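In the order they appear, the protein sequences are chains S and G.
Position 114, counted from 1, in the first sequence is what this note's numbering calls 114; the numbers after and before it change by one each time, with no gaps.
With the second sequence counted from 1, adding 1000 to any position gets you this note's numbering.
No wet-lab data here; the hints were simulated from the structure.
These figures come from a predicted structure and were not determined experimentally.
Treat the hints loosely; a few may be bogus.
Below, computed lysine-lysine pairings styled on BS3-like, alpha-carbon distance capped at 27 Å [said to hold, decoys possible]:
(1) K1103(G) with K57(S)
(2) K1056(G) with K1068(G)
(3) K17(S) with K57(S)
(4) K1071(G) with K1054(G)
(5) K1037(G) with K1068(G)
(6) K65(S) with K1103(G)
(7) K69(S) with K57(S)
(8) K71(S) with K1103(G)
(9) K57(S) with K1037(G)
(10) K1005(G) with K1056(G)
(11) K1071(G) with K1005(G)
(12) K69(S) with K1103(G)
(13) K1103(G) with K1068(G)
(14) K57(S) with K1056(G)
(15) K57(S) with K71(S)
(16) K1005(G) with K1037(G)
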Amino acid sequence: EAQVTQNPRYLITVTGKKLTVTCSQNMNHEYMSWYRQDPGLGLRQIYYSMNVEVTDKGDVPEGYKVSRKEKRNFPLILESPSPNQTSLYFCASSLSVGPRSYNEQFFGPGTRLTVL
Amino acid sequence: DQQVKQNSPSLSVQEGRISILNCDYTNSMFDYFLWYKKYPAEGPTFLISISSIKDKNEDGRFTVFLNKSAKHLSLHIVPSQPGDSAVYFCAASEIRRRGATNKLIFGTGTLLAVQP
Chain S
1 EAQVTQNPRY LITVTGKKLT VTCSQNMNHE YMSWYRQDPG LGLRQIYYSM NVEVTDKGDV
61 PEGYKVSRKE KRNFPLILES PSPNQTSLYF CASSLSVGPR SYNEQFFGPG TRLTVL
Chain G
1001 DQQVKQNSPS LSVQEGRISI LNCDYTNSMF DYFLWYKKYP AEGPTFLISI SSIKDKNEDG
1061 RFTVFLNKSA KHLSLHIVPS QPGDSAVYFC AASEIRRRGA TNKLIFGTGT LLAVQP
C-alpha cells in the first residue's frame, strides 16, 4: 500500500529536550516536505527536500532541522523544543517538481506534539 | 498575511443537498489549486485540483470552479453524504514558476457537517 508514515503519532515532551519525528514514504517520491498545522493558520511549510541531500527552508523553519540521506526518509529534528512548537505536524511527499509535475502531495497521518 | 483564505470556518448541510465551500486567494501568480479533505486523526487527502487554464473541473460528485478575475474558487459537492463530513482545505501553488518547489499554500480549512 502506497503511504507516508510518521512516528511517533503523539508526543509530549519538555522544553529543551531534543526530539526527532520520523517520516518515511514507499512511493519512490523525489519530493518531501514538512508542514505544521495551527488553529487559524492552516498548514504552513517548515522544510522541504527536492531529492536526496537537497533540502531547503519553507515558510517557518526556525527551530527545526531536517536531513535527507535516503530517498524514502525525511526526519524532522527539534534540537531544543520550545512551547511555541506545540503543533500538529504533517509530512508529505510527491512524485516530482516542475511545470509538469504531479503536484498532488500525499500526507502522513500527523504527529501531535506538545512541548511543556 | 494569509494568501489563501477560507472565510467560513464551518458549514452544515442536509444529506442529499449541495455543499459549496469557498476559497479566496490574493497571489495572482498561483496557477494550480487543490482541495484536500481531512478526517480527524488522519492526514489531508487529495480530493480534486484545477489548473489556472481551466475554469471548471469535475470528478464524480465533486466539482471545482475557478474564477481568476475574482481570485476565487469553490468546491461543490452534489449530492452531499454524511461521509463527506470532514475539514476541507483549499491550497494553491505556483507550479509553472521557474524554480517551483511544489510548495502548497493552504487556507485555514472549513469544517463541513452533513446531517442525515
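Right, here's what the structure says about each hint:
1. K1103(G) with K57(S): Roughly 11 Å separates the two Cα atoms, so the pair holds.
2. K1056(G) with K1068(G): holds, 11 Å
3. K17(S) with K57(S): holds, 23 Å
4. K1071(G) with K1054(G): Within the cut-off at roughly 13 Å; holds.
5. K1037(G) with K1068(G): Measuring from Cα to Cα gives roughly 23 Å; hence the hint holds.
6. K65(S) with K1103(G): Holds, at about 18 Å.
7. K69(S) with K57(S): With a Cα-Cα distance of about 17 Å, the restraint between K69(S) and K57(S) holds, given a limit of 27 Å.
8. K71(S) with K1103(G): Cα-Cα ~18 Å, so holds.
9. K57(S) with K1037(G): This hinted pair holds, its Cα atoms lying about 26 Å apart.
10. K1005(G) with K1056(G): holds, 20 Å
11. K1071(G) with K1005(G): At roughly 11 Å apart (the allowed maximum being 27 Å), K1005(G) and K1071(G) satisfy the hint.
12. K69(S) with K1103(G): Roughly 21 Å separates the two Cα atoms, so the pair holds.
13. K1103(G) with K1068(G): holds, 20 Å
14. K57(S) with K1056(G): Violated: K57(S) and K1056(G) sit about 33 Å apart, past 27 Å.
15. K57(S) with K71(S): Judged against 27 Å, a Cα distance of about 18 Å means the pair holds.
16. K1005(G) with K1037(G): holds, 16 Å
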